[in-house]
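From just these sequences and the hints, can you work out the full model?
Protein chains: 2
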Amino acid sequence: MTDAKHWIERYRGQVDAWIERDLKRHSGLGERVAEAMRYSASAGGKRLRPLLVLAAGRYLGVAEDRLVLPALAVEYIHTYSLIHDDLPAMDNDDWRRGRPTNHRVFGEAVAILAGDGLLNEAFAKIAELADPAFESHDVLSALRHLARASGMDGLIAGQAGDLAAEHHNIDLQALEAVHARKTGALFQAACQLPAWLMGNQAAAERLERFAWHFGLAFQIVDDILNVVGDAAVMGKSTGTDAHLDKATYPKLVGLERSWVLARYHQGMARQVLGEDVGESDVLLALLDRAVERKA
Amino acid sequence: MTDAKHWIERYRGQVDAWIERDLKRHSGLGERVAEAMRYSASAGGKRLRPLLVLAAGRYLGVAEDRLVLPALAVEYIHTYSLIHDDLPAMDNDDWRRGRPTNHRVFGEAVAILAGDGLLNEAFAKIAELADPAFESHDVLSALRHLARASGMDGLIAGQAGDLAAEHHNIDLQALEAVHARKTGALFQAACQLPAWLMGNQAAAERLERFAWHFGLAFQIVDDILNVVGDAAVMGKSTGTDAHLDKATYPKLVGLERSWVLARYHQGMARQVLGEDVGESDVLLALLDRAVERKA
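So the protein lines, in turn, are chains A and B. Here my numbering is used: position 196 in the first sequence is 196, and no number is missing along the way. Here my numbering is used: position 177 in the second sequence is 177, and no number is missing along the way.
None of these hints come from the bench; they were simulated from the model. Among the clues, some could well be false.
When chains are identical, the list treats them as one kind, so a pair holds in a single copy or across two.
What the hints assert, rightly or not - Each computed EDC-like pair below joins lysine to aspartate or glutamate, with the alpha-carbon atoms no more than 20 Å apart:
1. K294 x D65
2. K24 x D153
3. K246 x E108
4. K46 x D281
5. K294 x D153
6. K5 x E256
7. K24 x E208
8. K246 x D281
9. K46 x E64
10. K24 x D171
11. K5 x D288
12. K294 x D230
13. K251 x D94
14. K46 x E176
15. K294 x D245
16. K251 x D222
17. K24 x D131
18. K294 x D222
None of these values were measured; they are calculated from a predicted model.
Here you go:
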């Protein structure tokens, strides 16, 4: 195994352990909601967004264990968005990460609250950062950027655009605008968080461009796998996009050209990082993995 | 009109105007969600929580116009919680502030996203505070406290407890624990925000106790009005608690004793502020208004 592969396996396990510790047993009024939060947050998955936080930290020379809270924050935002997206009123999904979706286990009311709770916790995590190496001013700036990425001009706009595009013919540009928000915004925030926390504007811009292409490559492959993927391997239903008549790359340009586009963005992302700046090995390994995955 | 009454009328109008300006026309992908956010946030209402932020600021000598963003933050959290609470899977309410509830106008999917958007915006508002009089360190601390108040141990736990208490016999202590979170936590955060932003721990503690009693008095009157109130005056359905068999003060101790308890907490709140500390006139006027209201 290469160093990068080792790193990824190691920190994927670490992220699981951090989440477990952070959302530990909870008693009292919010017990059932806390259980539902834990159910979805600890369901595994690729942990791609928190790994991007840690890998971008490595690239900038920020030790991984100083980025635990930001890593949790992006994973909580991702998980909250999955719980709410899966609701009957939204995508009405029954399976996620190989298990019944949150609302199927806990009911809709608790699932809504569990999503709310995770979004709330995400911001709490950043606000709890008390690392003397990060200035309060930069922590606030990181929080502001994260809120924009997950808010009504970012993730939420993407989800709204995704719903609005069902049963409509939109063009490639419009589809890219949806994906840029639905997936890209949080990918970008994940990659940029360490740079914002360090107050490093130049690095933040470079990582923003890297994440832009990474996010598109990832989303195109996601669309492709929804058509050709194996539901058992993926742990979630496939064919759902076609069923909901969602706008996707395969629907718009076909499978073959979708692959070409995914490879294009993979190449562009590599190019942004260049050759000899920082420890880019893990960021690149995550990129390749995202394009070559089967699930 | 007394000075306090003038102040309240003036700043209630100001809060409306600030919200209007903050959630102004929005185009692009998130347009429909932004419209839904505006629909609920600009529906008026008492604006009690933002007024508490401003009144607590006045009490501590912090000018009102320096607390615009914190005032918006607590109102957005309140509004998000109303939108989600009104959903069919939760309280299934049709009317709110005299208008059809959000999901009845925009559909459930958009209503869920609008709530998410407002929660997100709330934290963004605090993170956007760039007042040189507030140290970044204190702004972060305020944000951390606010996240606790609205999170899985605060508002969300209260809502979960409220749902869990339907059709169950719970005692007064358990009911108080629900109310302390469902209403009290955000009341406390509203009153304490100016103190946190000033890094004034003593004031934060005093205002916490004031808000504790205020919150209970307010919630007891809310329960009472749900039984005896006039739906037309209140702008929302009445009798809904009994219909849902919710745990309330009137159900537990009867109407007469509920009034006694409301008056008791009103008196305790007055006592916390004492006589001659700061400009407590508006805080006290808001308290009296909350107990004597008809809606």
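Hints, one by one, checked against the model:
no. : hint        : verdict
1   : K294 x D65  : neither (30 Å within a copy, 54 Å between copies)
2   : K24 x D153  : between (32 Å within a copy, 13 Å between copies)
3   : K246 x E108 : between (23 Å within a copy, 19 Å between copies)
4   : K46 x D281  : within (18 Å within a copy, 56 Å between copies)
5   : K294 x D153 : neither (31 Å within a copy, 39 Å between copies)
6   : K5 x E256   : neither (29 Å within a copy, 69 Å between copies)
7   : K24 x E208  : neither (33 Å within a copy, 28 Å between copies)
8   : K246 x D281 : neither (35 Å within a copy, 57 Å between copies)
9   : K46 x E64   : within (17 Å within a copy, 47 Å between copies)
10  : K24 x D171  : neither (45 Å within a copy, 28 Å between copies)
11  : K5 x D288   : within (11 Å within a copy, 64 Å between copies)
12  : K294 x D230 : within (8 Å within a copy, 60 Å between copies)
13  : K251 x D94  : neither (23 Å within a copy, 39 Å between copies)
14  : K46 x E176  : neither (23 Å within a copy, 42 Å between copies)
15  : K294 x D245 : neither (23 Å within a copy, 50 Å between copies)
16  : K251 x D222 : within (13 Å within a copy, 52 Å between copies)
17  : K24 x D131  : neither (23 Å within a copy, 37 Å between copies)
18  : K294 x D222 : within (10 Å within a copy, 54 Å between copies)
Figure legend: structure checked against the earlier numbered hints; hints not met, in rising order: 1, 5, 6, 7, 8, 10, 13, 14, 15 and 17.
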